[in-house]
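K.L.:
One-letter residues, chain by chain:
Number of protein chains: 2
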Amino acid sequence: MTTPPVHEHLAPLAFLLGTWRGGGRGDYPTIEGFQYTEEITFGHVGKPFLTYLQKTWNTDGDPLHTEFGYVRPAGEGGIELVLAQPTGVTETHSGVLMGRHIELATVAVGLTPTAKEVTSVRRVLDVDGEVLRYRLDMAAVGREEQFHLEAELHKQ
Amino acid sequence: MTTPPVHEHLAPLAFLLGTWRGGGRGDYPTIEGFQYTEEITFGHVGKPFLTYLQKTWNTDGDPLHTEFGYVRPAGEGGIELVLAQPTGVTETHSGVLMGRHIELATVAVGLTPTAKEVTSVRRVLDVDGEVLRYRLDMAAVGREEQFHLEAELHKQ
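Chains as they are written, first to last, in our numbering: chain V, -5 to 150; chain R, -5 to 150.
Calculated directly from the structure, the hints in this document are not laboratory data.
One should not assume that every hint holds.
Intra- or inter-copy, both count: the list cannot distinguish identical chains.
[Claimed, not checked] Okay, derived cross-link-like pairs now, DSS-like style, lysine-lysine, Cα gap no bigger than 30 Å in a straight line: (1) K41 to K110; (2) K149 to K49; (3) K110 to K149; (4) K149 to K41.
Working from the sequences, and respecting the hints, build out all of it.
P.N.:
Structure, rendered in structure tokens:
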């Protein structure tokens, strides 16, 4: 299998393609603050969407979180993200792409009966050269939307 | 990286693990009936969930659909599934596991602004020896829940 060329609709998002590694920190009123290492890979299969695979580890190197989804260009300056998490959560996002700055907010969060209650998620992502930074705000377990995660990753 | 042992909570779902290949057919009042080939892989990473990757191709061998998600055991006889699709759709399912028979129905469907309207999805899956069969019913684009897909796959 040879890799097909990047779909023309993905040109504005091609800066994301590849594997990024780095570290971040998380916090929330209901938990203790923590640090993590992270790897994110954006891939493509020749169709007009990116695949998104994320994995984190705690400071002992144990797997922490993972999520998988798809990024879709949506017209001029529009961007969409859908993702699933093994914690029983799905996120459906709509947002804007301005150069290498992405702002996404959930239009829907899906929860299985045993999942922890998440109400909304906001994801802001910037790429500056070989550095990717993001911040994730979340409303969950009865708290209003606020800081949950931020990280800085480097292109591999 | 060595593969960790299967998490003890996954024992009732271990029959799904591996790669399955076969073919199916699809239909819906709003489209022409079609046939497809399919590959499904259930994997694990040592944690109490399965990964689920599905790919289909049309009869010319062109990629058709793909989806990715996680299967979670949920107490005695309970099962949950979350998945994302590059069409801008997320599905959040809850259901039951009876031996090697699985019945899942959506508790939530998430749609990005540019996604086609899907209201509900029902997935029934059976494994009999080396054969996996499933049927998918869907309510979409204003139609009530009805047959959309069925396929028969063989363990590779």
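K.L.:
Could you run down the list of hints and mark each one as holding or not?
P.N.:
Quick rundown of the hints versus the structure:
Within a single copy, K41 and K110 get their C-alpha atoms only as close as 33 Å, which misses the 30 Å cut-off; across copies the closest is 17 Å, which meets it. Taking CA atoms no more than 30 Å apart as the test, K149 paired with K49 passes in both settings, with 15 Å inside one copy and 28 Å between copies. In this assembly of identical chains, the alpha carbons of K110 and K149 never lie at most 30 Å apart, being 32 Å within a copy and 34 Å across copies at closest. Within a single copy, K149 and K41 get their C-alpha atoms as close as 23 Å, and across copies as close as 28 Å, so both meet the 30 Å cut-off.
The structure is inconsistent with hint 3 alone, although it conforms to all the rest.
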